[in-house]
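A.B. asks: Here is how the chains run, residue by residue.
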Amino acid sequence: MKQAATTLTIRTAGRGFTEITGELARFVAASGIADGLLSLLCRHTSASLLIQENAAPAVRADLAAWFDRLAPEGAPYAHDDEGPDDMPAHLRTALTGVTLAIPVMAGRMRLGTWQGVYLAEHRTAPHRREVAVHLIGA
Amino acid sequence: MKQAATTLTIRTAGRGFTEITGELARFVAASGIADGLLSLLCRHTSASLLIQENAAPAVRADLAAWFDRLAPEGAPYAHDDEGPDDMPAHLRTALTGVTLAIPVMAGRMRLGTWQGVYLAEHRTAPHRREVAVHLIGA
Amino acid sequence: MKQAATTLTIRTAGRGFTEITGELARFVAASGIADGLLSLLCRHTSASLLIQENAAPAVRADLAAWFDRLAPEGAPYAHDDEGPDDMPAHLRTALTGVTLAIPVMAGRMRLGTWQGVYLAEHRTAPHRREVAVHLIGA
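Protein chains in written order, with the working numbering: chain A, 3 to 140; chain B, 3 to 140; chain C, 3 to 140.
The reader is advised that the hints may include incorrect statements.
Intra- or inter-copy, both count: the list cannot distinguish identical chains.
Cross-link-like lysine to any residue pairs, in silico, SDA-like; alpha carbons within 20 angstroms at most [stated by the list, open to error]:
hint: 1; residue 1: K4; residue 2: A27
hint: 2; residue 1: K4; residue 2: F29
hint: 3; residue 1: K4; residue 2: G85
hint: 4; residue 1: K4; residue 2: L72
Hints in this document: simulated from the structure, not taken from any laboratory.
Whenever a hint applies, use it, and build me the whole structure from the sequences.
C.D. replies: What follows is the structure, encoded as structure tokens:
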């Protein structure tokens, strides 16, 4: 049984989704661990992780519009000293979550055919984001 | 330290919840691993996993009605080529998530008395769904 | 490779957030496991776990107000025999989730600078809550 760990750094272009499936697949392949568990933690409170449809870009556009409806920028928030996009970003992060646990088998994540792993940037401006990655197995 | 893995196949009857706690408990018991961590990944983008109340069926009816309010079928979505229930299904999947991590002790998942593990089918039609299951421990 | 496990007991003062980052950090430090994976399960269906901003208390006030909007007490629920705050509590638990997986490195959780781990109590009255904690690593 062994472990491997790394930190992915993602430079986002502002609000939107950045797929990290490829980086994760390369990390798993390079680890020498065939079977195990891959865990991810997004180290921020205004960006999150989700597993979603990797084919139709319209799905991600609809997701973004839905975030806008559920946690809108215009609402009266107590916390607004970092700008009108900050509190909605915290809420969208609470909605989608910051940790994932993905089983690995035969050197590959057990994602379904249409699943991709995404970092969701919820702030308007570009940011540098970190995802802590951990793999344990044999 | 050792590992065990399997894939649960669930044939859903369309929108609704299928409890998988029993199958998971049998897998844990059969593994010979007494203490460890059980991880689950639903391999789909329009079905999800959640841990919820296992006693009152009214809770699941209210949950379904709440999904309808938060991610309604009638809204104008960009992604609608797979039918009016498809994009709401993606949103409800993002809301509840597709991975779970459940500690195991003395051969049993450490769920609370009233907790059950459910696959939530978000499409209208019946589907065949897969959940990747991984257990590591001793 | 080794494991450690415990149960945190949290006495909540009713609806609101209780930070448990300190207890978790002490558990990790005392385990003798430097690198690994820490997993948490909230053993309830009306309280949940989330990782959120640990500095500005206004963020948590806004989160609570947002829970009220997304899963309000006044809505007509089928499940209401345990009081008007019970079904909203189940919905808010489904929204935020009950499991977390946090990578550990050099004896510390890999949380970001502004991240804290919180138990969210969703019932109006004070409750005694349990969080199952598991750590695996070396």
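A.B. asks: Now, for every hint given, state plainly whether the structure supports it.
C.D. replies: Here is what the structure says about each hint:
1. Proximity of K4 to A27 under the C-alpha cut-off of 20 angstroms is restricted to the intra-copy arrangement: shortest distance 18 angstroms within a copy versus 23 angstroms between copies.
2. Only within a single protomer do K4 and F29 lie at most 20 angstroms apart by alpha-carbon distance; the minimum there is 14 angstroms, versus 22 angstroms between protomers.
3. Taking the shortest Cα distances, K4 and G85 never come within 20 angstroms of each other, neither inside one copy (44 angstroms) nor across copies (45 angstroms).
4. In the homo-oligomer, the alpha carbons of K4 and L72 never lie at most 20 angstroms apart, since the shortest distance is 42 angstroms inside one protomer and 43 angstroms across protomers.
Of the numbered hints listed earlier, those contradicted by the structure are 3 and 4.
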